[in-house]
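Number of protein chains: 2
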Amino acid sequence: MSDFLLHPQLLADTHPVCELALCSVRLMDDTRWPWLILVPRQPFLRELMDLSADDQLALLKEVNRAGRVLQRLYRCEKLNVAALGNMVPQLHIHVIARHKDDYAWPRPVWGKGTAVPYSPEQLSEQLVELARALSA
Amino acid sequence: MSDFLLHPQLLADTHPVCELALCSVRLMDDTRWPWLILVPRQPFLRELMDLSADDQLALLKEVNRAGRVLQRLYRCEKLNVAALGNMVPQLHIHVIARHKDDYAWPRPVWGKGTAVPYSPEQLSEQLVELARALSA
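Residue numbers (the UniProt record's numbering), protein chains in the order written: chain A, 1 to 136; chain B, 1 to 136.
The hints are simulated quantities; they were obtained by calculation from the structure and are not laboratory data. For clarity, every value in this text was computed on a predicted model and none was experimentally measured. Careful, some of the hints might be misleading.
Chain copies aren't distinguished; within one or between two, either way the pair holds.
[What the hints assert, rightly or not] In silico SDA-like links for lysine to any residue, alpha-carbon gap of 25 Å or less:
#1 112 <-> 54
#2 61 <-> 90
#3 112 <-> 134
#4 112 <-> 3
#5 100 <-> 43
#6 100 <-> 8
#7 112 <-> 133
#8 61 <-> 119
#9 100 <-> 51
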C-alpha cells in the first residue's frame, strides 16, 4: 500500500472527504453536481479488473454506500456510476447525483462547460456533511 | 423474470450477442467503438443498488467477462465501464473498448457525432465472434 499516490489531476480537481476501507473518497470541486470520486488506495491500478475479486466486491460496497449517501442528501433523480480513466489513468470511480434540472441533464457530465468551484464556506460545509453521512 | 422487457431504445440501438446468467449482452450498432451493453434480465431495475447483493456480484463478474473479451479481441487501450441511465431508465451497463486513435478519445463516447452502423456482413461477423468469445 505504501506505493499509493494520488494522481496529480485528481489531487487538483477534488477535495478529500473521508477514507473508507478500500477507497479514498473525494469531492469534485464543481457545485453543478454532487460528485464523489472513489480511489482504491493501491498502486498501479487502471482497470476494475486489476483489483482482486475480494477488492472488487469491497469497491462495489463502497460505491453502493456513496450512492446511498448521495440519494439521501440530494434526493437525486438518478445516479451515474462510471469508471472511465481515459485522461487520468489511475483507477477511480465517479459517483454522481443527477437531477432533471441540472446543467447537463440528460447528457453525461464530462466535458460540459467549466467547473463552478465551491466557496470556502460551502466546501467545508459540504465536506463535513458528506464525511458524516459516509461514516454513519 | 417474466415481467422483463427490453426498453425500446435499447432494442433499437443494439443487437443481441448472447445471454449470460444474469444479463442479456447486446452490441451497440456503432462501428466507431466496440461497445457492449449488459442488461440484467429483471423487471423494474434502475440503479445498481436495485439488484440484490448476490446479483450485483454476478453483474460484476459478467462486466469483467465482457471487459476481458473486449481487451482480447480489440487490444484496447482502456475500458470504459458506466451505468448512467439518464435517457434510458432501464438499468444497463456500458462496457466500451477505447483506443487512443478513436473518434472521441480521450473524451467519453456519449453524445459524440452520429452512430456509424455496421453493414449486415460486418454485423453478423462481429456478433458471432463476440458470442463465441463470451461463451468460452
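Status of each hint after checking the structure:
1. For a Cα distance limit of 25 Å, the shortest separation of residue 112 from residue 54 qualifies neither inside one copy, at 35 Å, nor across copies, at 36 Å.
2. Taking CA atoms no more than 25 Å apart as the test, residue 61 paired with residue 90 passes in both settings, with 20 Å inside one copy and 21 Å between copies.
3. With identical chains, the CA atoms of residue 112 and residue 134 are never at most 25 Å apart, being 28 Å at best within one copy and 35 Å at best between copies.
4. Within a single copy, residue 112 and residue 3 get their C-alpha atoms no closer than 33 Å, and across copies no closer than 37 Å, so neither meets the 25 Å cut-off.
5. Taking the shortest alpha-carbon separations for residue 100 and residue 43, only the inter-copy value of 23 Å comes in at or below 25 Å, while the best intra-copy value is 37 Å.
6. When the C-alpha separation of residue 100 and residue 8 is checked against a cutoff of 25 Å, the pair qualifies only between copies, where the shortest distance is 21 Å, while the shortest distance within a copy is 32 Å.
7. In the homo-oligomer, the alpha carbons of residue 112 and residue 133 never lie at most 25 Å apart, since the shortest distance is 28 Å inside one protomer and 36 Å across protomers.
8. For the homomeric pair residue 61 and residue 119, neither the shortest alpha-carbon distance inside one copy (31 Å) nor that between copies (41 Å) is at most 25 Å.
9. Proximity of residue 100 to residue 51 under the C-alpha cut-off of 25 Å is restricted to the inter-copy arrangement: shortest distance 23 Å between copies versus 34 Å within a copy.
The structure does not agree with the numbered hints 1, 3, 4, 7, 8 stated previously, though it agrees with the rest.
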